[in-house]
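> Taken in sequence, the protein lines are chains H and E.
Numbered by our numbering, the letters in the first sequence go through residues 1 to 115 in order.
Numbered by our numbering, the letters in the second sequence go through residues 116 to 230 in order.
Simulated from the structure, these hints should not be mistaken for lab results.
Just to be clear, a hint being listed does not mean it is correct.
[What the hints assert, rightly or not] The calculated label-pair distances, taken between Cβ atoms and stated as ranges, are:
(1) H:S58 <-> E:R178: 29 to 39 angstroms
(2) H:D56 <-> E:K118: 26 to 36 angstroms
(3) H:G51 <-> E:I126: 37 to 47 angstroms
(4) E:N167 <-> H:S58: 17 to 27 angstroms
(5) H:Q83 <-> E:A116: 35 to 45 angstroms
(6) H:G16 <-> E:G177: 42 to 52 angstroms
(7) E:R178 <-> H:R64: 37 to 47 angstroms
(8) E:Q222 <-> H:D63: 45 to 55 angstroms
(9) E:D133 <-> H:T70: 42 to 52 angstroms
[As the list claims (entries may be wrong)] Pairs of lysine to aspartate or glutamate residues, derived as DMTMM-like cross-links and limited to a Cα-Cα distance of at most 20 angstroms, are as follows:
(10) H:K11 <-> E:E159
(11) E:K185 <-> E:E174
(12) E:K118 <-> H:E44
(13) E:K153 <-> H:E108
(14) E:K118 <-> E:E213
(15) H:K57 <-> E:E212
(16) H:K57 <-> E:E213
(17) E:K153 <-> H:E103
Just so you know, even glycine gets a beta-carbon here, dropped at the ideal spot from N, CA and C.
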Amino acid sequence: GAGVSQSPSNKVTEKGKDVELRCDPISGHTALYWYRQSLGQGLEFLIYFQGNSAPDKSGLPSDRFSAERTGGSVSTLTIQRTQQEDSAVYLCASRPRRGVTGELFFGEGSRLTVL
Amino acid sequence: AQKVTQAQTEISVVEKEDVTLDCVYETRDTTYYLFWYKQPPSGELVFLIRRNSFDEQNEISGRYSWNFQKSTSSFNFTITASQVVDSAVYFCALSQEEGAQKLVFGQGTRLTINP
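Bound-form chain H, shown alone (with noise of 0.2 angstroms):
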């Protein structure tokens, strides 16, 4: 498919263990960003990623959060010993580098549930 591939759709884990969460973007996008999706807290940036550059991790909301991107494509999400309050959807989304308008393209999300 041509669009952000993000994975597992969905994943239920115990407290305090650690998930990874994976995004594959739209080829020849240099930027990439993670959001997190919760009902109490609405969309929130995370983290992005563009090129070569370091990443902008202000908004990762607390050490047990990490990102990385390999070969300036594929992302992983990682949180270390899952809260509850981590229980949220959690969005890639991915933009050229030249985009026009500013669009970002997002993927369908992994749900994260944490028992």
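Starting from the known structure of chain H, arrange chain E on it as the hints suggest.
Just chain E now, with coordinates in the frame of chain H:
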């Protein structure tokens, strides 16, 4: 700090009615960008429009129109002759950067169009 307020949590109308979704924003920046995104049941956010702070011209795209008023810090979205396929959650968002590196989203308005 930037903030976006969508006071209407849910709206329900009958098909073919016109409906306006309100968006009020707060920012101290003189240059900023406003966005609307649609989130259908599948979950991915779909870009609808971006507006620059220095361009107050209203925009029309088919049945969709947007009214940007800096004097009232509002960027309202109207759907004319609504259709069932318009049912979705709509988000208004604000960014300091043209590339929408960090979007600040409103809480969203759930729009239901009844046949």
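> Is 42 to 52 angstroms right for how far apart the beta carbons of H:G16 and E:G177 are?
Because 50 angstroms falls inside the window, the suggested range holds.
> Is it true that the C-beta distance of H:G51 to E:I126 lies inside 37 to 47 angstroms, as the hint says?
holds (40 angstroms)
> Could you say whether the range 42 to 52 angstroms given as a hint is met by the Cβ separation of E:D133 and H:T70?
holds (48 angstroms)
> Given the hint that E:K118 pairs with E:E213, does the C-alpha gap stay at or below 20 angstroms?
holds (17 angstroms)
> Please work out if H:K57 and E:E212 have their alpha carbons no farther apart than 20 angstroms.
With Cα atoms ~16 angstroms apart, H:K57 and E:E212 stay inside 20 angstroms; holds.
> Taking 20 angstroms as the top limit, are the C-alpha atoms of E:K185 and E:E174 close enough?
holds (15 angstroms)
> Within 26 to 36 angstroms: is that where the Cβ-Cβ distance between H:D56 and E:K118 falls?
violated (20 angstroms)
> Could you check the hint for me, namely that E:R178 and H:R64 are 37 to 47 angstroms apart, CB to CB?
Holds: the Cβ-Cβ distance is about 44 angstroms, inside 37 to 47 angstroms.
> Against the 20 angstroms threshold, does the CA-CA distance of H:K11 and E:E159 hold or violate the hint?
Roughly 17 angstroms separates the two Cα atoms, so the pair holds.
> Given the proposed pairing of E:K153 with H:E103, does the C-alpha separation stay at or below 20 angstroms?
holds (12 angstroms)
> With respect to the beta-carbon atoms only, verify the hint that E:N167 and H:S58 lie 17 to 27 angstroms apart.
holds (24 angstroms)
> Could you grab the alpha-carbon distance between E:K153 and H:E108 and see if it respects the 20 angstroms cut-off?
This hinted pair holds, its Cα atoms lying about 12 angstroms apart.
When held up to the earlier numbered hints, the structure conflicts with 2, 5, 8 and fits the remainder.
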